[in-house]
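Enquirer: The opening position of the sequence shown corresponds to residue 0 in numbering that gives the first Met the number 0, with each subsequent residue numbered one higher.
A couple of the hints might just be wrong.
Calculated pairs, EDC-like style, for lysine to aspartate or glutamate (alpha carbon to alpha carbon, straight line, at most 20 Å) [stated by the list, open to error]:
hint	residue 1	residue 2
1	Lys206	Asp226
2	Lys78	Asp67
3	Lys239	Glu199
4	Lys78	Asp140
5	Lys162	Asp221
6	Lys182	Glu235
7	Lys162	Glu199
8	Lys162	Glu222
Hints were generated in silico from the structure; no laboratory data involved.
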Amino acid sequence: MFFVTGTDTDSGKTLVSSALLTAVNRLGNIAHADSAVSILAANTMLTLGVKPIASGCTQTSEGLRNADALQLMTSSSLKLAYPVINPFTFEPAIAPHIAAAQVGVSLAPEVIIESLDLVAFAQADFCLIEGAGGWRLPLGDGRYLSEVVQRLELPVILVVGMKLGCLNHALLTQEAILADGLKIAGWVANSVDPNMSMFEENLTSLKEMMTAPFLGCVPFLDEPSADNAANFLHCEALLKRVIPEAN
Numbered sequence: 000m001f002f003v004t005g006t007d008t009d010s011g012k013t014l015v016s017s018a019l020l021t022a023v024n025r026l027g028n029i030a031h032a033d034s035a036v037s038i039l040a041a042n043t044m045l046t047l048g049v050k051p052i053a054s055g056c057t058q059t060s061e062g063l064r065n066a067d068a069l070q071l072m073t074s075s076s077l078k079l080a081y082p083v084i085n086p087f088t089f090e091p092a093i094a095p096h097i098a099a100a101q102v103g104v105s106l107a108p109e110v111i112i113e114s115l116d117l118v119a120f121a122q123a124d125f126c127l128i129e130g131a132g133g134w135r136l137p138l139g140d141g142r143y144l145s146e147v148v149q150r151l152e153l154p155v156i157l158v159v160g161m162k163l164g165c166l167n168h169a170l171l172t173q174e175a176i177l178a179d180g181l182k183i184a185g186w187v188a189n190s191v192d193p194n195m196s197m198f199e200e201n202l203t204s205l206k207e208m209m210t211a212p213f214l215g216c217v218p219f220l221d222e223p224s225a226d227n228a229a230n231f232l233h234c235e236a237l238l239k240r241v242i243p244e245a246n
């Protein structure tokens, strides 16, 4: 199980998370002896993407729904009910702790952890829990989403939104994650600005300064999709953490 964070809001966490799920789904023929996968799915990895907190949700006949959470569900091979994937939904497209306060909902780390169906998540061979915003997302009352990751001791995947200022954002985020006593399982460069100057030079600098494995660079896509983005990612370093046979 991994936690996906980004250098900022709109760094591309959902696109990259969905692409990673898709890339792992494509492997198809990887399995391991201790897997809980049924005999019918013995040659397929079960993948799951989860987004516990989402604001900017849309009211539907089935309740509030978030586009990012729905995208993760589409890219997951393990199908679970929407409330399991996205237990905290808020309609205003504002900071989650502000939206939660407006409706009297607590986002304390222990409340979030209690809402996570970790037993259901354990059915997946490869599970991604996508955060909201950046690493130090406020939850209110001086608490932060990073505390949830610390308590669960999850390795982190960092999505770097490639734009002016990304070097500082990436290094500060890396520093904060490591200072919190967590490991960075890998990082992805995601192009969010098609007009970024000196893109390759910035990418080279990041490769030199980031300490975790480089999982790939997703170019700016006119029609972004998990299928397209998956072509630019490499999951080997992640699979070595979850499948003994991948070592």
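Enquirer: Which numbered hints does this structure break?
Expert: 1, 3, 4
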